[in-house]
Amino acid sequence: MDMTFDGISLNLRGRQILDAVTGTLRQGRVTVILGANGAGKSTLLSCLAGLRHPDSGRISIGDRDINRLDRLERARMIGLLPQQGDIHWDIDVTALVSLGRMPHRGRWGMSDADHHAIQAAMAATDCTHLAKRKALRLSGGEQGRVLLARILAGEPQWLLADEPLASLDPAHQLDVLDRLKQCARTGAGVAVVLHELTHAARIADDILVLKEGRVIAYGPRDQVLTPDILANAYGVEVHIGTSPAGDMMVVPIRRIA
Amino acid sequence: MTQLRLNLLLLGALLAAMLVSLLSGKVWVPPGDWLRGDLASLIILELRLPRTILAAAIGAALGMSGAVMQGYLRNPLADPGLFGVSGSAALGAVSSLYFGYAISALLLPLFALAGAAIGMSLLAMLAGRSGSLILFTLAGMILASISGSLTSLLISLAPTPFAASEIVTWLLGALTDRSWDDVRLALPVMAAGMIALAFTARSLDALTLGEAAARSLGVDVRRLQWLVVLGVGLTVGASVAAAGIIGFVGLIVPHLVRPLAGHRPSAVLLPSALAGALLLTLADSLVRIVPSASELRLGIAMSLLGAPFFLALLFRMRRELA
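Residue numbers (my numbering), protein chains in the order written: chain Z, 1 to 257; chain R, 1001 to 1322.
There may be inaccurate statements among the hints.
[Unchecked claim] So, partial list: chain R residues that the calculated Cβ filter (under 10 Å) puts toward chain Z:
(1) Pro1076
(2) Ala1117
(3) Ala1212
(4) Val1219
(5) His1255
(6) Arg1258
(7) His1263
[Claimed, not checked] Residues from chain Z shown here face chain R by an in silico Cβ test under 7 Å; the list is partial:
(8) Leu51
(9) Pro82
(10) Ile91
(11) Met102
These are calculated hints, taken from the structure and not from any lab test.
Glycine included, each C-beta is placed from N, C-alpha and C at the ideal position.
Isolated chain Z (complex conformation) (with noise of 0.2 Å):
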């Protein structure tokens, strides 16, 4: 199944943050989302997650408009990393992990399978050994890596996140990127919000490029990474390269006046 978005705009307080935006997320496929600050990439990924509503256009998952959908089935469906890791309250690891469990639990108490869906979350972000930590004494990266597990646990089929490596160790940087790959390979569809264009080309299978909310690039990785396009969104001059191992790498270099 995938989720298309076709042509949605929104407008606030007469500045378009989203012009006739369209694009299709394939369950199986990472889509990184790139462009500048202010492009409209984290107002996307809200009107994606149904929190906002576009001014026109229509986002749907297979044939049922997303707007239309449940709120609790629609938070099953949709799994929503914010930009701001908030946490409120000094609760344990495991109760906030927890949280991701909300839309699947019933009144009273949790199942044998929130149970094991919180476990395997934890498990696969690294965070087990913080189960019984509080979670305002973890440091900045450790937290990431908690609110991951948390998004994790909901098991969504799509999967947003915005920005989600912001304060991690580079080491816990690749386990999050081959983290959110592997929930590609498993069959969710995924949508990342990436600065990194390194990290983006590690892990991308198509990208979509924002410029003051208009789609100005959109395909698979190699045909988006491209020096021309990467000028246009950014204002930068980029170096590809390929690491020894093979990998792709982008390095931007200088400012284009």
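Dock chain R against the given chain Z, drawing on the hints supplied.
For chain R alone, coordinates are given in the frame of chain Z:
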């Protein structure tokens, strides 16, 4: 400490405190005489028992609504008075005094409830349908400020100094001379409010992750806002109707039980209700025991207890920041 043990412990302490409350007062009535049917047992059954029940119920209502407010606003310093519901209930009550409440003893609590209801409706109308937290808080502060200034206006316009002093005394909050009539009026309203508050529990947990994440988890923020307005309005409105303004319970109690309950907002609700009941029952027993010419007002006693609490909080925060 597990949740169950914490709640059982608080419940046991509350029952003990209610017993103490029944024993406190100018006249000593041993428990063996409580059901004898003479004058002394009337003191227990008709004067102290309704008062004890009201103290516990008001404490529970304020403690729980404070816990919900703090969870909803994600602010450990939020207080049920913040949204102006207690202010508008007080305004209703004060206007009944102003128009001469001698007509019926039930006039004042009914006016207070009406004031709370009007306050709640205004709050819901002002905040609109977006479910936005900032709009909601702003609307509440406007309401609190308007009702506060109108109350002051009524005091300054009071026809006689006697009426003015009666208003001021009432505003200080007390449970003196409450009867079963007050219990019958306030208790069902508080119970309804606490049921509404209990339905916020799960959404409050989800709000730990912020509004966007909570909504993506299926929380209906508009429904949540309605439940908060309704629950806080009914509990606080009925508390003010029964006892005037009693501050600090809703602020202190969730604070104190939060670390014991593991910080999860939903886990804080029941212990806050129990601990609020415990605190107010003890405080109301205390004001009856303390030797003084006229009985110390409960509202003043709570404020006196509240200040050192904040001092302790301040010192702790200073240590953590240093």
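Now the hints, each set against the structure:
no.: 1; hint: Pro1076; in the structure: 9 Å, holds
no.: 2; hint: Ala1117; in the structure: 29 Å, violated
no.: 3; hint: Ala1212; in the structure: 4 Å, holds
no.: 4; hint: Val1219; in the structure: 8 Å, holds
no.: 5; hint: His1255; in the structure: 12 Å, violated
no.: 6; hint: Arg1258; in the structure: 8 Å, holds
no.: 7; hint: His1263; in the structure: 5 Å, holds
no.: 8; hint: Leu51; in the structure: 5 Å, holds
no.: 9; hint: Pro82; in the structure: 4 Å, holds
no.: 10; hint: Ile91; in the structure: 5 Å, holds
no.: 11; hint: Met102; in the structure: 5 Å, holds
When each numbered hint is compared with the structure, violations occur for hints 2, 5.
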